[in-house]
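Trainee: Residue strings, one per chain:
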Amino acid sequence: MTIPRAVITGYGCISSLGNNAPETWAGMTEGRNGISSVNPSELGEISISRAGVVQRDLSKMFEPRLMRQYDRVSLLAILAAKEALAHSGLEITEELSPRAGSIIGIGNCGWEAVEEGYVRSLLERKRRSKIFAVPRVMPSAPTSSVSMHLGLKGPSFGVTSACSSSNHAFAAALQHIRSGLADVMVVGGAEAPIMFGILWAWEALRIVAPGPCSPFDLNRRGLVLGEGSGVIVLESLEHARARGATIHAEFAGAGSSADASNLVIPSPTGPEQALRSCLQDARLNTGDIDYINAHGTGTKANDAIECTVIRRVFGEQAERLSLSSTKAMHGHALGGAGAIEMIACIGALNENLVPPTINFETPDPECALDVTPNHAREREVRAVLSNAFAFGGLNSVVALKKFVD
Amino acid sequence: MIRLDHSTPVVLNLSHSLMPANLLPELSKLITKSLSIPEENAKEITEETTLESLEISSLELVEILITIEEEYDLEIDIDAVEARDSLQTVGDLIELGRKHGLGTSSAE
Numbered sequence: 001m002t003i004p005r006a007v008i009t010g011y012g013c014i015s016s017l018g019n020n021a022p023e024t025w026a027g028m029t030e031g032r033n034g035i036s037s038v039n040p041s042e043l044g045e046i047s048i049s050r051a052g053v054v055q056r057d058l059s060k061m062f063e064p065r066l067m068r069q070y071d072r073v074s075l076l077a078i079l080a081a082k083e084a085l086a087h088s089g090l091e092i093t094e095e096l097s098p099r100a101g102s103i104i105g106i107g108n109c110g111w112e113a114v115e116e117g118y119v120r121s122l123l124e125r126k127r128r129s130k131i132f133a134v135p136r137v138m139p140s141a142p143t144s145s146v147s148m149h150l151g152l153k154g155p156s157f158g159v160t161s162a163c164s165s166s167n168h169a170f171a172a173a174l175q176h177i178r179s180g181l182a183d184v185m186v187v188g189g190a191e192a193p194i195m196f197g198i199l200w201a202w203e204a205l206r207i208v209a210p211g212p213c214s215p216f217d218l219n220r221r222g223l224v225l226g227e228g229s230g231v232i233v234l235e236s237l238e239h240a241r242a243r244g245a246t247i248h249a250e251f252a253g254a255g256s257s258a259d260a261s262n263l264v265i266p267s268p269t270g271p272e273q274a275l276r277s278c279l280q281d282a283r284l285n286t287g288d289i290d291y292i293n294a295h296g297t298g299t300k301a302n303d304a305i306e307c308t309v310i311r312r313v314f315g316e317q318a319e320r321l322s323l324s325s326t327k328a329m330h331g332h333a334l335g336g337a338g339a340i341e342m343i344a345c346i347g348a349l350n351e352n353l354v355p356p357t358i359n360f361e362t363p364d365p366e367c368a369l370d371v372t373p374n375h376a377r378e379r380e381v382r383a384v385l386s387n388a389f390a391f392g393g394l395n396s397v398v399a400l401k402k403f404v405d
Numbered sequence: 001m002i003r004l005d006h007s008t009p010v011v012l013n014l015s016h017s018l019m020p021a022n023l024l025p026e027l028s029k030l031i032t033k034s035l036s037i038p039e040e041n042a043k044e045i046t047e048e049t050t051l052e053s054l055e056i057s058s059l060e061l062v063e064i065l066i067t068i069e070e071e072y073d074l075e076i077d078i079d080a081v082e083a084r085d086s087l088q089t090v091g092d093l094i095e096l097g098r099k100h101g102l103g104t105s106s107a108e
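Protein chains in written order, with the working numbering: chain A, 1 to 405; chain B, 1 to 108.
Hints are supplied without guarantee of correctness; some may be wrong.
[Unchecked claim] Simulated DEER-style distance windows between Cβ atoms:
{"hint": "1", "chain 1": "A", "residue 1": "Arg127", "chain 2": "B", "residue 2": "Asp92", "range": "40 to 46 Å"}
{"hint": "2", "chain 1": "B", "residue 1": "Glu48", "chain 2": "A", "residue 2": "Glu124", "range": "32 to 38 Å"}
{"hint": "3", "chain 1": "B", "residue 1": "Leu59", "chain 2": "A", "residue 2": "Gly44", "range": "17 to 23 Å"}
{"hint": "4", "chain 1": "A", "residue 1": "Glu124", "chain 2": "B", "residue 2": "Ile37", "range": "18 to 24 Å"}
[To be verified] Just a few of them, taken from the derived set where beta-carbon distance is under 10 Å, the chain B residues facing chain A:
{"hint": "5", "residue": "Leu24"}
{"hint": "6", "residue": "Ser36"}
{"hint": "7", "residue": "Ser53"}
{"hint": "8", "residue": "Leu59"}
For the record, the hints were derived by calculation from the structure and aren't laboratory data. By construction, the Cβ of each residue, glycine as well, lies at the ideal position given by its N, Cα and C atoms.
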């Protein structure tokens, strides 16, 4: 029996660069800066004043009675998933529904409800919590919300691995298609970390850039946080063909690993293993890859290690690779990062256009690769990798390639 | 009154001078407030209105009880199952309020 191939037949995204996938991709190709100011919180002062904030007003998405059941992270996931499904042209019928599942990766939880709970208890001195705190906080809530709004009754669950959550979600969905457990997986990631408690915690880590985030630059000072969601419709090739769907890319493979070393200090061995494992799974050679969407957080340690690892794995092929970190434009959306960056990968494959690493001024000898500085670059893109190397040493790399029948 | 220790609830024995004898209009408003629906919907609520007809889920019913607790600073100590089993109409809710001292000139 041959293993089913998995193809991408639709995608959606909401990010600080745009309220949908086309806007987000346009922002990426223009090298647009999606970073804006963060509203001050009544809960305290923090030095983090800028982040990749979604501009769409979500407060009127549903009537108030329904709204209060969802945390911001779930609302973002619902929007991206609806766009992805509409884009795929797929109708979730009674017959298809049990064969169509959902996986949404997130790194945190429904933090808005956590924060509201503490405000209520410690500041307002209320005796009881809000009633929907439990279902809003649970990290599986975005998946539940997507399954409810799209009518997906197949295998559905949340996935979490900090900043690798989205890629692990894709990897899990890929296995569901390959194993035949599902025909369709609506899969992606989301995060809504622009809230006092999370910003406060990141401030303490002192790895948030005081100014613009400039990945791979000699003078880089750290990351900038972002929020958003990306979702794709992953479908077995057979199912996509049978309904005459437009295929935007083939999901070629995924590779995961754990550093098993330290919660915060990155190691080169785990990422290297994930990269090699992904290439092997995708049956791709280093010479087949034209673009890598880097994890590229903009911290000193991450970027240097990532470039070292790419050199180790790609050898001479590293010279002809295009690399970029789109995080400088949309911010690091943590558990949702890989899903927003999936839009960059699909776009690069379809338009033979590599989105840039913006804010780049001074090359760093430790990152001596073609990081596509400041401007998008036209070139043939046959296959791409997207890296995610998370805090906690959980790594996941995914591979897409142009679909060839 | 502020209590930091939430684990040992105290049932308040209060005498609420603002408590109205006719609880329906006020409780109806609290229901709309709890459900985040427009307040004018309260006018259509009678004692015979069933909670089912308002499409109140078991969680929302508990939320209404919380709103009543907060509004009148009292404690209604029933769980979700008991609430669902014993409360079918808005009238049942009013009766529950009365048992807890609402709408009477002095608490029992």
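Trainee: Please test the hint of 32 to 38 Å on the beta carbon pair from Glu48/B and Glu124/A.
Mentor: Once the Cβ atoms are compared, 35 Å apart, the range 32 to 38 Å for Glu124/A and Glu48/B holds.
Trainee: May I ask you to test the hint 18 to 24 Å on the CB atoms belonging to Glu124/A and Ile37/B?
Mentor: At 23 Å between Cβs, range holds.
Trainee: With respect to the beta-carbon atoms only, verify the hint that Leu59/B and Gly44/A lie 17 to 23 Å apart.
Mentor: 31 Å, violated
Trainee: Given Ser53/B was flagged as interface, is its beta-carbon under 10 Å from a beta-carbon of chain A?
Mentor: 15 Å, violated
Trainee: Would the hint on Leu24/B be counted as holding, given a Cβ-Cβ threshold of 10 Å to chain A?
Mentor: 21 Å, violated
Trainee: Does Leu59/B pass the interface hint, meaning its C-beta sits closer than 10 Å to a C-beta of chain A?
Mentor: 5 Å, holds
Trainee: Are Ser36/B and chain A close enough, Cβ to Cβ, to be under 10 Å, as the hint says?
Mentor: 4 Å, holds
Trainee: With respect to the beta-carbon atoms only, verify the hint that Arg127/A and Asp92/B lie 40 to 46 Å apart.
Mentor: Since Arg127/A and Asp92/B have Cβ atoms about 23 Å apart, the given range 40 to 46 Å is violated.
Checked against the numbered hints above, the structure breaks hints 1, 3, 5, 7 and satisfies the rest.
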